[in-house]
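Q: One-letter residues, chain by chain:
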Amino acid sequence: MSNLRAFLFKPKIKSAFQQEKEEIIFLVRAHPITQIFWLLNGFLIFIIILLAIKVFSPYLNNRQIFFIYLFNIIFVFSYWWFNFLTWFFNVGLLTNQRVIDIDFHYLTYKEVTSAKLDKIEDITVKSGGFLPSIFNYGNVFVQTAGTEVNIEFINIPQPEKVKEMINQLLPKNK
Amino acid sequence: MINLLFKIFAVFFSFLYLLYAIVLFQQSRVLVRTIKTEIDKSVIFISGIKILLGFLLIFYSLVL
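Residue numbers (the numbering used here), protein chains in the order written: chain B, 906 to 1079; chain D, 7 to 70.
Here chain D stands alone, though its shape is the one from the complex:
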């Protein structure tokens, strides 16, 4: 029972994290368009990595 509950919570929070990461990625693109600096690419890259981490969390929570 605990295992099932844990899995449900894990999938739910991983999904929430993925949504948050996607919103942050989109907003990062708006941010770098507003102020163009030397670290624009790094900002987009790191925000993109967060989406990948979101997928990793979902995948891992599903195989728990």
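Next comes chain B alone, as it looks inside the complex:
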């Protein structure tokens, strides 16, 4: 179950984008506290449908009421599952050769961005606000040279530590 953490050092995972002799040093995903909103939304949807059942129950028979209960439970479960998968598989990876950002938008659109360590020009940490200060999470932006794409790790835990670890792997002459 350690795979469920938001910050994994030397994780026991394999990425389809890993090359030969490429080792994953850490994996990061959004801080769990940032996921609280969809959990609460699920409860809210569940309660709203329960209230709707209460209002419309005089016009419905028992089988129909049971169907709505069943649909409600399955729908909320699916909503949570969808959001869990989105959280779980949107990851940032640091390997001994590259920084990789794997994003799934609505699970159906995949975007993979990577930058070799020697192409990294600058790393910026942005963290601010009430919750990020309490739970120590923020954004890390990895800027690369020229027209190459930049990499963003959004709402990740311990952003300063992540920056430090990437910096340690950068070629010394940079």
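Derived from the structure by calculation, the hints contain no laboratory data. Every value quoted in this text rests on a predicted model; they were computed, and no experiment measured them. In this text, a Cβ means the ideal position worked out from N, Cα and C, and glycines have one as well. A portion of the hints provided could be inaccurate.
BS3-like mimics (lysine-lysine), calculated; alpha carbons at most 27 Å apart, straight line [stated by the list, open to error]:
# : chain 1 : residue 1 : chain 2 : residue 2
1 : B       : K1015     : D       : K47
2 : B       : K915      : D       : K42
3 : D       : K42       : B       : K1015
DEER-style ranges, computed between Cβ atoms [stated by the list, open to error]:
# : chain 1 : residue 1 : chain 2 : residue 2 : range
4 : B       : K1015     : D       : K47       : 20 to 30 Å
5 : B       : R910      : D       : L22       : 20 to 30 Å
6 : B       : F1040     : D       : E44       : 18 to 28 Å
7 : B       : R910      : D       : L10       : 27 to 37 Å
Put chain D on the given structure of chain B with help from the hints.
A: Below, chain D alone, put in the same frame as chain B:
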């Protein structure tokens, strides 16, 4: 009349749910291929259960 309308809506939404569950199952397979972790089998299993639940909803909505 209400019963018929309810049945039509129930079948329609159950069918939509089943389509969604199938898409999610297929995408779960893509996800676990992209990042292989210890919970791959659980992810596929739970996504598969959602398809079964979709069929259950369709069946139940038809016998309403």
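Q: Hint by hint, which ones does the structure fall short of?
A: 5, 7
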